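Protein chains in written order, with the numbering used here: chain A, 1 to 126; chain B, 1001 to 1126; chain C, 2001 to 2126; chain D, 3001 to 3126.
The reader is advised that the hints may include incorrect statements.
Stated by the list, open to error - Here are the simulated lysine-lysine pairs, DSSO-like style, with alpha carbons at most 27 Å apart: (1) C:Lys2122 / A:Lys46; (2) B:Lys1122 / B:Lys1046; (3) D:Lys3046 / D:Lys3122; (4) A:Lys46 / D:Lys3122; (5) A:Lys46 / A:Lys122; (6) B:Lys1122 / C:Lys2046; (7) C:Lys2122 / C:Lys2046.
Derived by calculation from the structure, the hints in this document are not laboratory data. If you're wondering where the values come from, they're calculated on a predicted model, not measured in any experiment.
Protein chains: 4
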Amino acid sequence: MTDLEQALEVLARARAAAEEIGVPMCIAVVDDGGHLVAFARMDGAKFLTVDMAIGKAWTAASAGVPGSVLGALVEQNPRAAAVFSTATDGRFLAGEGGLPLPGGGAIGVSGGTGDQDEIVAKAGLG
Amino acid sequence: MTDLEQALEVLARARAAAEEIGVPMCIAVVDDGGHLVAFARMDGAKFLTVDMAIGKAWTAASAGVPGSVLGALVEQNPRAAAVFSTATDGRFLAGEGGLPLPGGGAIGVSGGTGDQDEIVAKAGLG
Amino acid sequence: MTDLEQALEVLARARAAAEEIGVPMCIAVVDDGGHLVAFARMDGAKFLTVDMAIGKAWTAASAGVPGSVLGALVEQNPRAAAVFSTATDGRFLAGEGGLPLPGGGAIGVSGGTGDQDEIVAKAGLG
Amino acid sequence: MTDLEQALEVLARARAAAEEIGVPMCIAVVDDGGHLVAFARMDGAKFLTVDMAIGKAWTAASAGVPGSVLGALVEQNPRAAAVFSTATDGRFLAGEGGLPLPGGGAIGVSGGTGDQDEIVAKAGLG
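Can you make the complete structure from the sequences, with help from the hints?
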C-alpha cells in the first residue's frame, strides 16, 4: 500500500529532478492496484502527457517491473504493444519513465525524452 | 491557466478540511480544458472515487458552473445524466463536490456524502 | 447531401439568433449520414456543449425527426435513452435543439435552455 | 483562448488554400484544451477525414508542437502511435496537417496527401 505522504515525497523528489534538468513533466504515483494516489503536472507540461504518465505508472505497477524492461520485450514483438494497449483500455504504456516503488505501487513520468523521463522517475525513488 | 503551485494550494486546503471532518477523500484539480493538474487520494479513500473526483472537476470546468447546479438540472430530467455520461465518454459527473476555481479550472472532490464533498471542495477555493 | 455553403448559411442564421437572445452556443450541421459538415462554438459557450450540439444534430439526422419528438417518446420509456446512448457510442441525444434540415442533414444546438436551443435551431432552418 | 472570429479566419484561409490546389478537405480549429471551436468539411471531402482533422488539431494542441514533429518521433518507435492512440481514446493523430496556432489552440487538416494537408494547415496560420 502506498500512502499519500510517501507518494507526495516521491512526487517532490521527481519534480525537483525535472526542474534541475529544466524539463516540465507530468508525474503520477499509483498504488499496488495501479490506482492513482498523487499526480502533478508541472507548468508548461503538455496535456498529452497526462495520460502517458498515468499509463506508465499503471503499467509498472501491474507488471512489477520497470517499463523499460517491458518496452524491450515489446520491441521484439511489435504487435504486442498495440494488443496490450487495447486489451487494457489504453492503460498499458511500456517504456522509460515507469518504475515500481520499493514499498509498493509505482511512479510514471512523461514529458521529456525516454532518458529524461527515466532520470526523473529514478529520482522519485529517492 | 491553472499553475501547479496554485493547484497544490487548493489541494492542501481541501485536504485539511477533509481531515477536519475525518473523511478520507480524493481531490482533483483540472485546468480550463478539463485536463488534470494535481491530484491526491487520502489514506483510506476508496479507488472507486478516483475517477469520481476527476469527473466532477472535468464537469465543473467544462460547464463553468458548480456540479450541484448541473445535478439539480439533471434531477428534473433523469435520462439526461446517463446520456451526458455516455456522450462524454464517462467524464460527465454532476453533483456536489465539483466547483469552478476563481482563477480558472476546477476542483473535484469525492469520498464522502454529497454535503461533505461540497464542504471540502469549497474549502479548496480558500 | 448538405453542401458547405448551405451549412455555413444555416450556422450564420443560428448564430445571429443566439446573439439576439444573448446566449453563447455550440452549433453543428451534419449531412444525411450524420457526419459533421460545419461547426461553430461561440465565445463563452462551454466545452461541455460541443459534444451535445454534435449529438443532437447526429440524432435528428439519424431519425429524420426533431429531437424534441424523440425526447417525448423517450420520456415515456426512461430506460430507452440510456440504452440508445450506449448503443450509439454516446451519439444519441434527443431533446430540443436538434432539427432535420429541409434539404437533408440536420442542425444541432446546445448551450441554452431547451427552449433557447430550439429557437436557435429553428432560426438555422431560415 | 481561441475566439470564434479568429477561428473562422483560420478556416477561411485554409479553405482558400485547399481550393487553390483543388483538393476538398476537412479543417478543424480547437482551443488550448483541444476542444472544437470551428470546423468545415468542403464539398467532396470524405467523412472518414472528419475525425482525422479533429484528431490532428487535438494532438497539435495537446503537445504544443506540429504533428509532423510528433510523426517523425513516432516513426522511430512504431509501436508508440498505436499505443498513444488507444491511451487517448483515439484522439492522438500525429503527422502532417496539424499545427499549433500562434495565439493558442491548433488547426488540423485532413483530406489530401500529407504534403497537401500541411500546405493547407500552414495557410490557415496566415
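(request) Go through the numbered hints given earlier and state which of them the structure violates, listing their numbers in rising order. (result) 1
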